[in-house]
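Asks: Take a look at the letters that make up each chain.
Protein chains: 2
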Amino acid sequence: MTPAAIDLDEKLGQFDATWSPHTVAAFNGHDIAVVKADGEFVWHQHDDTDELFLVLDGELEMELRDRTVTLGPGELFVVPKGTEHRPCARKGQVKLLLMDPKDMPNTGDPATATVAVEI
Amino acid sequence: MTPAAIDLDEKLGQFDATWSPHTVAAFNGHDIAVVKADGEFVWHQHDDTDELFLVLDGELEMELRDRTVTLGPGELFVVPKGTEHRPCARKGQVKLLLMDPKDMPNTGDPATATVAVEI
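As they're listed, the protein sequences go chains A and B.
So the mapping is simple: this note's numbering equals the position in the first sequence, first residue as 1, plus 185.
So the mapping is simple: this note's numbering equals the position in the second sequence, first residue as 1, plus 185.
Rather than coming from a laboratory, the hints here were simulated on the basis of the structure.
Among the hints, erroneous ones may be present.
Pairs involving identical chains hold if they fit within one copy or between any two copies, as the list cannot separate such chains.
As the list claims (entries may be wrong) - List time: in silico PhoX-like cross-link candidates among lysine-lysine, alpha-carbon distance up to 25 Å:
#: 1; residue 1: Lys-280; residue 2: Lys-266
#: 2; residue 1: Lys-287; residue 2: Lys-276
#: 3; residue 1: Lys-287; residue 2: Lys-196
#: 4; residue 1: Lys-266; residue 2: Lys-276
#: 5; residue 1: Lys-266; residue 2: Lys-287
#: 6; residue 1: Lys-287; residue 2: Lys-221
#: 7; residue 1: Lys-266; residue 2: Lys-221
#: 8; residue 1: Lys-221; residue 2: Lys-276
#: 9; residue 1: Lys-280; residue 2: Lys-196
Looking at chain A on its own, in the form it has when it is part of the complex (with noise of 0.2 Å):
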């Protein structure tokens, strides 16, 4: 595939789906996924890797077991590998840009894991 640019806020316009990751680009084996973000989601660790999320619109609390992170349009948080957390949108839906290990699973569980969809 010829890599194009890549308007983050068109794919965005793609979909409706909340907690549910769509990949807009590969990187270094990485998936680059955007994902809208209404509510809260599942306590969950990924031992084996860190995760990135970066808000593109809205607040979103990451809450971690010891404090909460609150994060804006323009600001990022790496979450590092092995480190419980649960990211809430509870202000209203939150865009992210988000990066995963490609094919991770976003609960840290297959079996509970929403499945990437490509767009």
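Once you have looked at the hints, place chain B on chain A.
Replies: Leaving out everything else, chain B in the frame of chain A:
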């Protein structure tokens, strides 16, 4: 280091130098940096790694040998490994998020690279 929210605009306000990556976070062996671009960079390639560009402000022309990809705010582009490229900011300063393997030379050559600063 306890990971914190990284405000990209706030980080970009801490320096004036152009084409000088300022590292703001680490992710799975990669550095996440912010950069101010102005004018033309040099043609180069990275033989062993992809390179991620996300435009935060301004218009970037990513010249490849066979075409030019124009990127505005909220648009990202992954330069595949081994691909010659020259990022250019010809219409004023461009603010970028950049992701590369830790300590990678930004020109593809340690002899000419600008060493990234951590902020």
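Asks: Hint by hint, where does the structure go against what was stated? Just the numbers, ascending.
Replies: 2 and 4
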